[in-house]
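Trainee: Position chain W against the provided structure of chain E, taking the given hints into account.
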Amino acid sequence: EDKVVQSPLSLVVHEGDTVTLNCSYEVTNFRSLLWYKQEKKAPTFLFMLTSSGIEKKSGRLSSILDKKELFSILNITATQTGDSAVYLCAVEAASGTYKYIFGTGTRLKVLA
Amino acid sequence: DAGITQSPRHKVTETGTPVTLRCHQTENHRYMYWYRQDPGHGLRLIHYSYGVKDTDKGEVSDGYSVSRSKTEDFLLTLESATSSQTSVYFCAISESVLTSLNEQFFGPGTRLTVL
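If you read the sequences in order, they're chains E and W.
Using our numbering, the first residue of the first sequence is number 600, and each one after it goes up by one.
Using our numbering, the first residue of the second sequence is number 2, and each one after it goes up by one.
For reference, chain E alone in the conformation it holds in the complex (with noise of 0.2 Å):
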C-alpha cells in the first residue's frame, strides 16, 4: 500500500531558528515529490522535487529529495511568525493515471 509519513508531526520555534521537516514514502511508480503549505485556508504549493540530490530554494525555504533511501526534507532558516502553518508533503504516483498521496501534515508553530 502506498504511504506517505511526516515527521514531526509538530513543531514549535522562535523566530530565528532553522527547522527541518522530514517526509518518508512507500510508493510504486514514484514521479515526484511536492511540498505544500496550508494555513487556514486551501493547500499553496511551494516545490516539486523529481531528482534527487538536486536542491531547490526559495527564499529562506530549501528542499531535497533522496529517491534511493525514499525521503524529503524541507529547511526553513530564520523563521518567522508568517511561517507558522501546516506543511505537507505528496507523491505522484503514475501508475496509469496520476495519483497524489498525502502525509498528514507537520504543524509548524513560530513562537515571536
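FYI, nobody ran anything at the bench for these hints, they're computed from the structure.
Just so it is clear, CB atoms sit at the ideal spot from N, CA and C, and this is done for glycine as well.
Worth double-checking, as some hints may not be accurate.
[To be verified] Below, a list of computed lysine-lysine pairs in the BS3-like style, where the Cα atoms sit at most 27 Å apart:
hint : chain 1 : residue 1 : chain 2 : residue 2
1    : E       : K636      : E       : K666
2    : E       : K640      : W       : K58
3    : E       : K708      : E       : K656
4    : W       : K12       : E       : K636
5    : E       : K636      : W       : K58
6    : W       : K12       : E       : K639
7    : E       : K656      : E       : K602
8    : E       : K640      : W       : K12
9    : E       : K602      : W       : K58
[What the hints assert, rightly or not] Ranges between beta-carbon positions, derived for each pair:
hint : chain 1 : residue 1 : chain 2 : residue 2 : range
10   : W       : R23       : E       : G652      : 27 to 33 Å
11   : E       : A711      : W       : L116      : 35 to 41 Å
12   : E       : S651      : W       : V89       : 32 to 38 Å
13   : E       : D665      : W       : G52       : 30 to 36 Å
14   : E       : G658      : W       : H11       : 31 to 37 Å
15   : E       : S609      : W       : E80       : 18 to 24 Å
16   : E       : E600      : W       : D55       : 20 to 26 Å
Mentor: Showing chain W alone in chain E's frame:
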C-alpha cells in the same frame, strides 16, 4: 492563484439530503481531483478525473459520486449525506494540457456540515 473556484464555500445540510459541490477551473488542466480533509487524516482522495467523462475512485469514494461533462467542471455528489461526511472538501487540478506541468493546485475549499 490558479483559476479554481468552488461552490458553495459553506453548506449546512441535514442527514439524508442530496448535496452537490461544484469545482470550476479556467486553467485548461486535464486532471481534476476531489479531496476531503479531516483532523488526523490529512488530505484523502475521493475521486479524480483524467478527462471529460473519465473518472476513477480514490481511497474514500464510498457514498460519493462525480461527473465531468466539461473540461472546466467537476461535480461531487453526496447522494444521501451522512454526519460522517462533515468535512472540508478541496478540489484540485493538475497537468496543464499546454505545458504538461504536473504541479497540483487547490481550490479554496468547501466546508460542509451534515447535521
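Trainee: Look at each hint and say if it fits the structure.
Mentor: Going down the list of hints, with the structure as the test:
Note on K636 of chain E and K666 of chain E: the hinted pairing holds, with a Cα-Cα distance of about 22 Å set against a maximum of 27 Å. In summary, the hint linking K640 of chain E to K58 of chain W is supported, as the alpha carbons are separated by about 25 Å, within the 27 Å threshold. Restraint check for K708 of chain E and K656 of chain E: the C-alpha separation of about 21 Å stays at or below 27 Å, so the hint holds. Under the criterion of a C-alpha separation no larger than 27 Å, the hint pairing K12 of chain W with K636 of chain E is consistent with the structure, at around 25 Å.
Annotation: proposed proximity of K636 of chain E to K58 of chain W holds, straight-line Cα distance about 26 Å (limit 27 Å). Distance check on the hinted pair: K12 of chain W and K639 of chain E sit about 18 Å apart at the alpha-carbon level, within 27 Å; holds. This hinted pair checks out: K656 of chain E and K602 of chain E have alpha carbons roughly 26 Å apart, not beyond 27 Å. Pair hint K640 of chain E plus K12 of chain W holds up; C-alpha atoms about 16 Å apart against a cutoff of 27 Å.
For the given pair, K602 of chain E sits about 17 Å from K58 of chain W by alpha-carbon distance, which is consistent with the 27 Å threshold. Checking the proposed 27 to 33 Å range against R23 of chain W and G652 of chain E shows it is violated: the Cβ atoms sit about 42 Å from each other. Distance hint check for A711 of chain E and L116 of chain W: the Cβ-Cβ separation is about 39 Å, which falls inside the suggested range of 35 to 41 Å. Between S651 of chain E and V89 of chain W the Cβ separation comes to about 34 Å, which falls inside the hinted range of 32 to 38 Å.
The supplied range of 30 to 36 Å is met by D665 of chain E and G52 of chain W, whose beta-carbon atoms lie about 34 Å from each other. The hinted window of 31 to 37 Å between G658 of chain E and H11 of chain W holds, with their beta carbons roughly 33 Å apart. Look at S609 of chain E against E80 of chain W: about 37 Å separates their beta carbons, and that is not inside 18 to 24 Å. At roughly 24 Å, the beta carbons of E600 of chain E and D55 of chain W sit within the given window of 20 to 26 Å.
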